[in-house]
Each structure stands twice: as C-alpha cells, then as structure tokens.
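S.K.: Letter by letter, the chains look like this.
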Amino acid sequence: MRVGIPMTLSFFTFYPLWKPFFEGLGAEVVVSPISNKALLDEGVKETVNDACVPIKLLHGHVSALKDKVDILFLPRLVSLDGKNTLCPKFLGLPDMVRYSISELPEIIENRLDMKKSRFELYRFMFRVGQRFTDNKLQILRAIWQARYNFSRYRKLLLHGLTPAEAFPLLESGEEPDKAAETGDAIKLAVLGYPYALYDNYVSVGLLKKLKEHGVNVVTPEMVSEKDLKKMSKTLPKNLFWYYSNRVVWAAQHYLRDQTVDGMIHVTAFGCGPDAMTNRLIELEAKENSQIPLMSITIDEHTGEAGVATRVEAFVDLLKRKKGIL
Amino acid sequence: MKISFPYMGTSHIAISYLLENLGHEVIYPPKPTKKTLSLGVQHSPEFACLPFKILMGTYLEAVEAGADSLTTSGGFGPCRAGYYGELHKRILHDMGYPVKMLVLEPPLMAPLTFYRNVKSLVRPTSSWTNFYRVFRVAWEKLRALDELEGLLHELRPLAVSKQQITKTYERGLGYIDDAGSVSKVLEAKDAALQDMRAVPVDETFTPLKIGIIGEIYVVLEPFVNHDIEKMLGDMGVYVHRSIFLTNWTKDNAVSNGEKDIRAMAVPYLNQLVGGHGQNSIGETVIYANKGFDGVIQLAPFTCIPEIVAKSIMPTITRDKGIPVMTLFLDEQTGRAGVETRMEAFLDLLKEKRNKQEAI
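So the sequence lines, in the order shown, correspond to chains A and B. Heads up: the first sequence at position 83 corresponds to 83 in our numbering, and the numbers run straight through without jumps. Heads up: the second sequence at position 94 corresponds to 94 in our numbering, and the numbers run straight through without jumps.
Don't read these hints as lab results, they were simulated from the structure. There may be inaccurate statements among the hints.
[To be verified] The calculated BS3-like cross-link candidates involving lysine-lysine, where the alpha carbons are at most 27 Å apart (straight line), are: (1) B:Lys259 - A:Lys116; (2) A:Lys233 - B:Lys100; (3) A:Lys115 - B:Lys184; (4) A:Lys237 - B:Lys119; (5) B:Lys250 - A:Lys83; (6) A:Lys83 - B:Lys230; (7) B:Lys184 - A:Lys237; (8) B:Lys320 - A:Lys233; (9) A:Lys237 - B:Lys2; (10) A:Lys237 - B:Lys100; (11) B:Lys100 - B:Lys184.
[Said to hold, decoys possible] Derived contacts from chain B toward chain A, CB cut-off under 7 Å, selection only: (12) His43; (13) Pro45; (14) Asp68; (15) Thr72; (16) Leu87; (17) Leu92; (18) Gly96; (19) Tyr97; (20) Pro98; (21) Lys100; (22) Leu104; (23) Pro305.
Virtual Cβ for every residue (Gly too), placed ideally from N, Cα, C.
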C-alpha cells in the first residue's frame, strides 16, 4: 500500500511522525515533489480563487500525488494543543479537496482533535493504523517508533535546525554540528507558518538568502514549548489558531529576549488569521521594543527579485545599525 | 458612560433603547457611509474583512463624537471576528483614544467576563430588576424588528408600489422605536404589520424565490451589501434571509442551536469551520429541498469559513440542482457591479424556471 503525503501545510510539523508510523504499518510512504511552479499552477486551477497560496499549493500537491498512491493522507486537523483550533481551511481541508479535485484515491481524513483527551494523538494514530492492519501490537509498535523519531526531530528544531537540515540527520542518526553561530553577525527572527517558511518555493528562498547574507536565523519552531507557554500569558486575549498563536508567542519571546536584531513576518496574501497576527505583532513590537519589523506578503505572483531586494535592504539597515557595515 | 456601538441592520433601535434605559448616554455614530469605510480602511490591517474595517471606522467616528466606551460582541473562533473587539481596542489605544471596550463574550464560554461586562453596563447606573425589565423590552423590540423585516421581504416583490411598501415599513420601524414597554411593543408591531398588509399587492404574480446565506454582518448590514434585499425585492424577487438577529443570538450565544441546519451540512462538510461556513452549506441544502430557485452567498473578501463553503457549493448545485452565486464583498465593490451580476443571475434563474414549466 502506497500512502501519499503532500509536502506542504502540516508536513513540516509532522512528517517525521507520520513516515516511520506508516512504514511500521508496512506501507510505503510517497511524498509529493518539492513545490514548484507547475505544481502551484495546477493547484491554482483546481482551487476556488479566493483561497490563499498555501491552500492552492496543497491542491497542486494532491494532484501530483493522486495517480501515484493508493491512499492519500489528509487528516482533518482540528486542534493540536487541546486549546486552540487550526485555521478554518485546515478544518474543512478534506472536504475542499474532495469536492475540488476529481478521481481521487481513497482519503485518510480522520479527525485529530486534542481537545478530546491528552492521548488523542495516539488514539488518532491507532484509528488510522486500523485501516492498515488488524494486528494491534504492530500498530502500537509503529506508534512507538514514530514517537521516538518525532521527539528527536523536535529536539533538532529546538537546536536551531530547519526541517530541511533536520530530515537527513533523522535518516542517518547523526548528531548535528555544534551551532555555527558567528558572534558579530546579525540575528533575525523569521516568523511565519512552517508551510510558508520552510517551503523554499513559497518563501521565494528567503531563509537561504538570509543565510547567504551571513544572517543567523531563528524561527518559531526554535522556541521551546515552555517559553511559548510563558508568552501565552502576556496577552489579554490570545488568538484562536494554533499556528498563529505560536507565531505571536514566538514574536513576543524574541521581543522580550532582546537577542534578535530584527524580525521578518512572512504572510500569505489574503490569509485571514494573519490579518490579525500581523497587526498584533506590529503593535507588540511598537509598544515593547525598538526591534525593527518587516512584513513580506507572498502569493502566486511574488517574484524572487522583489523579495531579494527588500531583504537585502532590511539586512543592510540592521547591519548599519549594529555598526558592522 | 458615554457609550456607542456598531450598526447592524435595524438592531440599533433595540440596542439604543437598552443602553439609554440603563442610564447611559448613547453616542450615535452616523450610519456607515463611504467616509466611515475609508476611515476604517485606513486604520485596519489590509486583509481584515470588511466588517472589521467598517466597525473600525464606526468606532473612530464614535470616539470623535465623544464616546468613552464601546460595546461589541466577542467570540472564541475559529472565525476571527471573535478577536475583533480586542484588536479594535488596541488600535484605538495606539492611536491615542483611551476608550473602554466592553466585549460581550458568549456567556457559556466565558461566564465571568460576560458577567463583569454586563455588570459594568448595568451598574452603577441601574439595578438588576430594572435591567431585567429593560432587557425584556429590548428583546421584544428585536423580535418585532425581525418580524417586520420578514413580512417586508414577502410583500416587496408583490407590492404594486415598491416605494410605498418601503415607506410603510420605515414608518413601522418608528412605531417600534417609540414603544416603551413589552405590551406597547407588541401593539406597535401589530399596527406596523397591519399597515404593511394594507399596501396593495399583485396577487397573480409569482416571484422568483432566492435564499440569502453567508456571513452574518454582511448579510444583515445593508450598507455593506448594497441593500441587496431591497435591490432584489424591487426587481420582483422574494428573498428569504437565513439569519435574523434574534434567532442567531438565541442559537449561538445562549444555547447550542441550529442542530438541524448543521445536520443538513454533514454529508458535505462534517465540521464546524467557524463563522457561518457550515451553516451556509446546510442552508443551501434546505433551500434546495424547499424548492427555492436559487441561493446567493454573501461574504466579506478573505472570509475563510465562507471560502471553505464556496469550494463545496458546486457539488451541492450538481447534486440538488440549485444555482448558487457567491459575492465576496470588499471596499472596492461597487453597487453597479452587484446590480449587473444580480440581473444576470436572475435571468439565469428565470430561464431555468421557464424550461421546467415547459416540461
């Protein structure tokens, strides 16, 4: 059995959990190709025009996968922390895809709602596992393996690695090099959703470009759960969406920490939650610090040169401010 | 407290009665205009939805007019409107208006906050018994307003003079506005309904029937939707609106109602997606089953729950044979454009009906 996982949305959060899990169940995991223009164009064709780029892209990934797999993994992610939900598009995701793209294979659209109980993630995996095998022991073993891999992955991210850097280490079992942070370089917090930041095509190579400029980059995934939780108490009212909250809390963390020289918020054109997230970060930055903030909005028409120019200018400004240019 | 609140349809008649009789000075913001909108757009995030921008503009006009407190509804997502009160407050504070924001959170979700805010509305200017009395009158007014509007939608396509029915309705609103007790409200309502029924109608005419669904604010506030119900009524269409303020408040704030609507949505979308998204699906199915000619979905630009719903609509149209037109509204939307699209949609529905009659 070939299970298809699209390389977008929750992929960068969960892939190291799903891969060993499905392999433990005896399935073969097929991942869609790295995002590219053809994929996005295909997605734009299939999706309602009002949707955001990540959702359009997802439709492209699903189209690329549908003839190559026996079953598609598109779970309905409702809550990942037991408190907040995800953006409505995640909630309606399997339905949007099913009614937009024809001739799809079977879809695993089980609901993951951690509001139900603390162990909901494992119960969810168990329910999914039962579609593959009747052998309960095998499912449990697959969950165990997956869990182990997943916690290693999270540690690697906290260590300052991006998913692209962490994935090969998970495969080889190697330890990461000592952090190559250089003392005088500037440090930037790049805020945004994993599917915008770590998808090189969506972010028009932003992280790579920053590293080329000798910038040390930190992201929301590099802030510990404990620190995020602390920040969740600093706002009179938190947002309602899992990823948005983590972006805001990470912003709060870096603002208070005062170790970053600047912040970049990456957001998708027409992203509903980000209209709130972005202004909230702006207001927090204005009230609580002197840290410069730049927002980059991306959509299917974003050109690499435009972003490159803005990023360069921003980095130069920060370097000058710090006196290293 | 010099208090103000946002407009939504005719609800200001009931809300201002409530606040005034609790002893507050009500600052009436002008009804939303182009100026309100442009003021709001200027100070709102670009991708916030139209309701956010209009409310932003309304608040700015209200604080300019001297309001020191604002009251609005809250919520806990996944629709972002639940965060609007909080963000509006922060933007206003950032602009240098130290205004007090009373966000009425759903009583069942945040009983303490709800109580505290209601208490600051009630006291020290009034007593709880007075509050109960005034609240009942306001609620009765809301119900009367909804009833009047329902009848207006029924009569408008049939009325010989569209102007006359509109005028009579507006006079009726005045009766409700003037009434000061529950029994007076009921009397006023009956009088208004009677007046409206007395307007001459053309009984032989069978209007097209269209259901209006979508996000509550753009459905209820005529300024935002270019008075689409009047537009359609004047074109001789019977419009049935899925949301009225009283049923919405009862179903969403107090009890967990609307189960039957949601049940109809389940085959297509088995998940609450916030806002009115799942309802929009369920209501479309219901309108199809009731033999309506078409459905118009109204939503603010970038409204995600409605985008999710929209992506599912073509399948319902195919399954149930009901045409659905979606209008995403933003500050760029012009009346002429809406009108043209309406006319085209009506032509399509008429042709469909003629074909069915021919068979």
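S.K.: Now tell me, hint by hint, if it's right for this structure.
M.R.: Hint check:
no., hint, verdict
1, B:Lys259 - A:Lys116, "holds, 20 Å"
2, A:Lys233 - B:Lys100, "holds, 21 Å"
3, A:Lys115 - B:Lys184, "violated, 48 Å"
4, A:Lys237 - B:Lys119, "holds, 20 Å"
5, B:Lys250 - A:Lys83, "holds, 25 Å"
6, A:Lys83 - B:Lys230, "violated, 43 Å"
7, B:Lys184 - A:Lys237, "violated, 41 Å"
8, B:Lys320 - A:Lys233, "violated, 48 Å"
9, A:Lys237 - B:Lys2, "holds, 25 Å"
10, A:Lys237 - B:Lys100, "holds, 15 Å"
11, B:Lys100 - B:Lys184, "violated, 34 Å"
12, His43, "violated, 10 Å"
13, Pro45, "holds, 4 Å"
14, Asp68, "violated, 19 Å"
15, Thr72, "violated, 13 Å"
16, Leu87, "holds, 6 Å"
17, Leu92, "violated, 11 Å"
18, Gly96, "violated, 13 Å"
19, Tyr97, "violated, 14 Å"
20, Pro98, "violated, 14 Å"
21, Lys100, "violated, 13 Å"
22, Leu104, "violated, 13 Å"
23, Pro305, "holds, 5 Å"
In this structure, the hints that do not hold are numbers 3, 6, 7, 8, 11, 12, 14, 15, 17, 18, 19, 20, 21 and 22, in rising order.
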